[in-house]
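> Numbering (UniProt numbering), first residue to last: 1 to 287.
Hints are computed from structural coordinates only; laboratory data are not their basis.
None of the values given here were measured: they were computed from a predicted structure.
Don't take every hint at face value.
Pairs of lysine to any residue, SDA-like flavour, derived with a Cα cap of 20 Å [to be verified]:
{"hint": "1", "residue 1": "Lys58", "residue 2": "Ala77"}
{"hint": "2", "residue 1": "Lys224", "residue 2": "Lys255"}
{"hint": "3", "residue 1": "Lys152", "residue 2": "Thr162"}
{"hint": "4", "residue 1": "Lys255", "residue 2": "Ser167"}
{"hint": "5", "residue 1": "Lys231", "residue 2": "Glu252"}
{"hint": "6", "residue 1": "Lys152", "residue 2": "Met191"}
{"hint": "7", "residue 1": "Lys58", "residue 2": "Ile48"}
{"hint": "8", "residue 1": "Lys255", "residue 2": "Leu223"}
{"hint": "9", "residue 1": "Lys275", "residue 2": "Tyr198"}
{"hint": "10", "residue 1": "Lys255", "residue 2": "Val215"}
{"hint": "11", "residue 1": "Lys207", "residue 2": "Leu278"}
{"hint": "12", "residue 1": "Lys231", "residue 2": "Gln256"}
{"hint": "13", "residue 1": "Lys31", "residue 2": "Ala94"}
{"hint": "14", "residue 1": "Lys224", "residue 2": "Thr248"}
{"hint": "15", "residue 1": "Lys275", "residue 2": "Ala210"}
{"hint": "16", "residue 1": "Lys231", "residue 2": "Asp217"}
{"hint": "17", "residue 1": "Lys207", "residue 2": "Ala274"}
{"hint": "18", "residue 1": "Lys255", "residue 2": "Ala265"}
{"hint": "19", "residue 1": "Lys231", "residue 2": "Thr248"}
{"hint": "20", "residue 1": "Lys31", "residue 2": "Leu96"}
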Amino acid sequence: MNKLLTKQASTFTNYFTTINWDKFVAGFFNKFFILIFITIIFMLVLWIGRIIINRTFKQYVKSNFVVTTNRTNTIHALTLNIFRYTCFFFFLYALLSTIGVPVGTLIAGAGIFSIALGLGAQGFVSDVVTGFFILLEQQLDVGDIVELGTVKGTVTSLGIRTTQVTSADGTLNFIPNRNITIVSNFSRNNMIATVDLYIGPNAPLEKIEAQIQSVNDRLVPNLKELSSAPKIIGPTLNKNNIMVYRVTMTTENGKQDAIRSQFLAEYLTAIRAAKIDLGAQPKSPLM
Numbered sequence: 001m002n003k004l005l006t007k008q009a010s011t012f013t014n015y016f017t018t019i020n021w022d023k024f025v026a027g028f029f030n031k032f033f034i035l036i037f038i039t040i041i042f043m044l045v046l047w048i049g050r051i052i053i054n055r056t057f058k059q060y061v062k063s064n065f066v067v068t069t070n071r072t073n074t075i076h077a078l079t080l081n082i083f084r085y086t087c088f089f090f091f092l093y094a095l096l097s098t099i100g101v102p103v104g105t106l107i108a109g110a111g112i113f114s115i116a117l118g119l120g121a122q123g124f125v126s127d128v129v130t131g132f133f134i135l136l137e138q139q140l141d142v143g144d145i146v147e148l149g150t151v152k153g154t155v156t157s158l159g160i161r162t163t164q165v166t167s168a169d170g171t172l173n174f175i176p177n178r179n180i181t182i183v184s185n186f187s188r189n190n191m192i193a194t195v196d197l198y199i200g201p202n203a204p205l206e207k208i209e210a211q212i213q214s215v216n217d218r219l220v221p222n223l224k225e226l227s228s229a230p231k232i233i234g235p236t237l238n239k240n241n242i243m244v245y246r247v248t249m250t251t252e253n254g255k256q257d258a259i260r261s262q263f264l265a266e267y268l269t270a271i272r273a274a275k276i277d278l279g280a281q282p283k284s285p286l287m
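Given these sequences and hints, build the entire structure.
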């Protein structure tokens, strides 16, 4: 047993003795400094490329009045994403080649690995293809207010793999493009703002209408966001089968919430000043 241990220890010692430590340390530091140099070059290329792309699109926006700002911002963000992905690919390739990994041989000869990678990349390819058609069909643009499934907010970035949507509370949502099946875009057409005043069955409808018309006559001339004058629908039932006095108006996209809030506040103020009783109020808050 002792002889076996002695033989193993001797073999281990001989192995380390035969190593050219000077060459090993020199090679290690040589590759280490090469990696640092490659990293610095990569960061410079990324920084300079980003500056060039930003300045190019800035000049394009100043000299071109045909393409909308949102569309330009979308193409701008997509160009930055593609440039970043391309730089990272070559950076990774350079790092692996420097440390001695035969990247080209692995890519050419790894049959099973290639199949597994292909299966795993199906989701990525689906994201890219879906993102391409979203851009081609102009379904989304940066700055649009959209609803994608259960997520509603403003599009802040549109990439080749994910779309970023910022919700009203500031939450940044990353949505894989392949999961985008139904797109509700609230920034393409004029929107209808609906103002509902909860009323009871004995509410004085004529007096309510008179106050609403008075507010409309005062506000409409000063609001450029309105695409058409408010339309007084009158008493009706909302989706919860609660009686309301409804007024609708068409506004520019993105302005409907502010306009609805302004008219609702003015209606309530005028009705309160006229001492009009709207009748029994529901437990739900006013819309």
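> Decide, hint by hint, whether the structure agrees.
Against the structure, the hints come out as follows:
1. Lys58 / Ala77: Holds. Lys58 to Ala77 sits at ~12 Å (cutoff 20 Å).
2. Lys224 / Lys255: holds (10 Å)
3. Lys152 / Thr162: OK: Lys152 and Thr162 at ~15 Å, within 20 Å.
4. Lys255 / Ser167: holds (16 Å)
5. Lys231 / Glu252: Holds, at about 16 Å.
6. Lys152 / Met191: Distance ~16 Å between Lys152 and Met191 Cα, so the pair holds.
7. Lys58 / Ile48: With Cα atoms ~15 Å apart, Lys58 and Ile48 stay inside 20 Å; holds.
8. Lys255 / Leu223: holds (11 Å)
9. Lys275 / Tyr198: holds (16 Å)
10. Lys255 / Val215: Holds: Lys255 and Val215 sit about 19 Å apart, inside 20 Å.
11. Lys207 / Leu278: Given pair Lys207, Leu278 holds - Cα atoms ~10 Å apart, limit 20 Å.
12. Lys231 / Gln256: holds (15 Å)
13. Lys31 / Ala94: holds (12 Å)
14. Lys224 / Thr248: The given pair, whose Cα atoms are some 16 Å apart, holds under the 20 Å limit.
15. Lys275 / Ala210: holds (13 Å)
16. Lys231 / Asp217: holds (12 Å)
17. Lys207 / Ala274: holds (9 Å)
18. Lys255 / Ala265: OK: Lys255 and Ala265 at ~16 Å, within 20 Å.
19. Lys231 / Thr248: The given pair, whose Cα atoms are some 5 Å apart, holds under the 20 Å limit.
20. Lys31 / Leu96: holds (11 Å)
The structure meets every hint from the earlier list without exception.
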